[in-house]
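Just add 79 to wherever you are in the first sequence, counting from 1, and you've got the working numbering.
None of these hints come from the bench; they were simulated from the model.
These numbers come from a predicted model, not from an experiment.
Hints may contain errors.
Said to hold, decoys possible - Across the chosen pairs, the derived CB separations fall in these ranges: (1) E302 - Q434: 35 to 41 Å; (2) E164 - E263: 34 to 40 Å; (3) A275 - L304: 26 to 32 Å.
Using N, Cα and C, we set each Cβ at its ideal position, and we do this for glycine too.
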Amino acid sequence: MSVRVRFAPSPTGGLHLGGVRTVLYNYLFAKKHGGEFIVRIEDTDQTRFVEGAENYIFECLQWCGLEPDESPVHGGAYAPYRQSERKELYRKYAETLVTQGHAYYAFDTKAELEKMREEFKTAENPSPQYDLSIRKKMRNSLNLTNDEVKDLLEQNIPHVIRIKMPDNEIISFTDLIRGEISFETNFVDDKVLLKADGMPTYHLAVVVDDYLMKITHAFRGEEWLPSAPVHLLLWKYLGWQNQMPKWAHLPLILGPNGKLSKRDGAKFGFPVFAMNWKDNKTNELTEGFKEKGFLPEAFINLLAVLGWNDGTEQELFTMEELIDKFSLDRVHVAGAKFDYEKAKWFNHEWIKRLQISDLRLQIEPYLISNRIDTTDKAKLETVIELVKDRCTLLPDFVQHAGFFFKAPTTLDIEAVKPKWNEEKKLFFEIYIGKLNALANWNMAEIENIFKELATEKNIKPGELQLPMRIMLVGAKFGPAVMQIAEIIGKEETVKRIEYALRLL
RNA sequence: GCCGCGUUGGUCAAGUGGUUAAGACGCCUCCCUUUCACGGAGGAUACACGGGUUCGAAUCCCGUACGUGGUACCA
Numbered sequence: 080m081s082v083r084v085r086f087a088p089s090p091t092g093g094l095h096l097g098g099v100r101t102v103l104y105n106y107l108f109a110k111k112h113g114g115e116f117i118v119r120i121e122d123t124d125q126t127r128f129v130e131g132a133e134n135y136i137f138e139c140l141q142w143c144g145l146e147p148d149e150s151p152v153h154g155g156a157y158a159p160y161r162q163s164e165r166k167e168l169y170r171k172y173a174e175t176l177v178t179q180g181h182a183y184y185a186f187d188t189k190a191e192l193e194k195m196r197e198e199f200k201t202a203e204n205p206s207p208q209y210d211l212s213i214r215k216k217m218r219n220s221l222n223l224t225n226d227e228v229k230d231l232l233e234q235n236i237p238h239v240i241r242i243k244m245p246d247n248e249i250i251s252f253t254d255l256i257r258g259e260i261s262f263e264t265n266f267v268d269d270k271v272l273l274k275a276d277g278m279p280t281y282h283l284a285v286v287v288d289d290y291l292m293k294i295t296h297a298f299r300g301e302e303w304l305p306s307a308p309v310h311l312l313l314w315k316y317l318g319w320q321n322q323m324p325k326w327a328h329l330p331l332i333l334g335p336n337g338k339l340s341k342r343d344g345a346k347f348g349f350p351v352f353a354m355n356w357k358d359n360k361t362n363e364l365t366e367g368f369k370e371k372g373f374l375p376e377a378f379i380n381l382l383a384v385l386g387w388n389d390g391t392e393q394e395l396f397t398m399e400e401l402i403d404k405f406s407l408d409r410v411h412v413a414g415a416k417f418d419y420e421k422a423k424w425f426n427h428e429w430i431k432r433l434q435i436s437d438l439r440l441q442i443e444p445y446l447i448s449n450r451i452d453t454t455d456k457a458k459l460e461t462v463i464e465l466v467k468d469r470c471t472l473l474p475d476f477v478q479h480a481g482f483f484f485k486a487p488t489t490l491d492i493e494a495v496k497p498k499w500n501e502e503k504k505l506f507f508e509i510y511i512g513k514l515n516a517l518a519n520w521n522m523a524e525i526e527n528i529f530k531e532l533a534t535e536k537n538i539k540p541g542e543l544q545l546p547m548r549i550m551l552v553g554a555k556f557g558p559a560v561m562q563i564a565e566i567i568g569k570e571e572t573v574k575r576i577e578y579a580l581r582l583l
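Full structure from sequences and hints, please.
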């Protein structure tokens, strides 16, 4: 039997760290076993549906290199893949459950539910549930006569269908990561399966869709663990128990103070979304990992090892290696705190190990948007190779590669001034002449005449190197200064020295 | 409150009854470097607590504490 796994995002929340990692593990597992990776959209909550939010998810997946085999945009044999387009499907299963006595109609209005919660609220039980004791006191088909129910249904009185949790049963299942987990049904409430607007809740939809789409393995966040007994019972009541997918509940990714929230990004200065995410309600724009300057390879890598490792000391993995080595039994049970410093380290490592031509492609947009001319690809690659050790995020290349293409606009004159004098000025004036006369423009020659002249003038070369660096770079960073001179060329080197001399 | 899940250095983590308790990030020191980095060599820091079981427990069991998730006609 082929392996089929699915990722089922709600399109309204953006794709954050935890989400991407869930997709990733699903994807890795599917690919490792030569199966299909399916993306299904959970858009049953119409009130929160946002235009364009679904596209966002697919753009993120594309950037990450996690292309689905089946999805609303990729197509597939089990279409449609949007729950809103499958609406009609769910009702009959819910009705079947009612006929079988495993579910019932509930006509309680929102106000009645609120009243119930208020009425039964105590200090020990601040949030009473619609459960076996409460359901006897509510307006539902368990308490009304058949005629009354028929009447209400015929009048189209708004109603939901709730699952009827059995009394005193122990429900258990084996989680692929955590082992056996069990729940007492008495502590689980009668979850709504079909809403008044005819839309299924996640509970019904996930079971029906997983069944119809022949899903074999379902990995989702740990936050779903408490509703597992509801889903388990649905599989059983609908008679599909033998086709039930294997489950794994992934640990949570935490922020610096507990649960990772969207606000943590702004608060602690690191991204939480794969790509820029605009909250439709607040209009707030949150910067994504992509825009922050992360390589997709690094992003995937750091997420993969946040809660999983292969048991060796290896930390850097390509997607191919991950597919090869991933295994669920090495996924952690405990939640992991996200560490931005380590995330940057991964990016740095990937900048160093990525093929130079691929890296160039990723960097160019940043340079272009800073009006740096990137037409000379050979020169660009030479420069990138030279400075990549100094860059942890892609935008760092603007600073570290920029001055090779464009003269610095501001010079850190203050760094030179204290030790500046007439002799040094004279040195550079003569040096310009010698540079202009140089036949072979290369690093060794440039340095030779520099040292010769310094000796002749009785100045330590070290004293002259910093001023020269400031002249060419504008500040105290970058590769060997003579190498910079070689790359930017004779004319530009002389020009920059002359300009700086005028300022001094 | 109740229910579920968890707990190895600041963070990620290896470890499955006998180890000097790996490694990585970060931090500190030194070396390299007449810039900034990279790199190299060192260093500090951990088994939440209390009971068992056992010749022996980070590892197994039970409590407690703490964290986290759920407790919605959200997903």
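A quick look at each hint next to the structure:
For the hinted restraint 35 to 41 Å between E302 and Q434, the CB-CB distance of approximately 39 Å keeps it satisfied. The hinted range of 34 to 40 Å is satisfied by E164 and E263, whose Cβ atoms lie roughly 37 Å apart. Between A275 and L304 the beta carbon distance is about 27 Å. The supplied range of 26 to 32 Å therefore holds.
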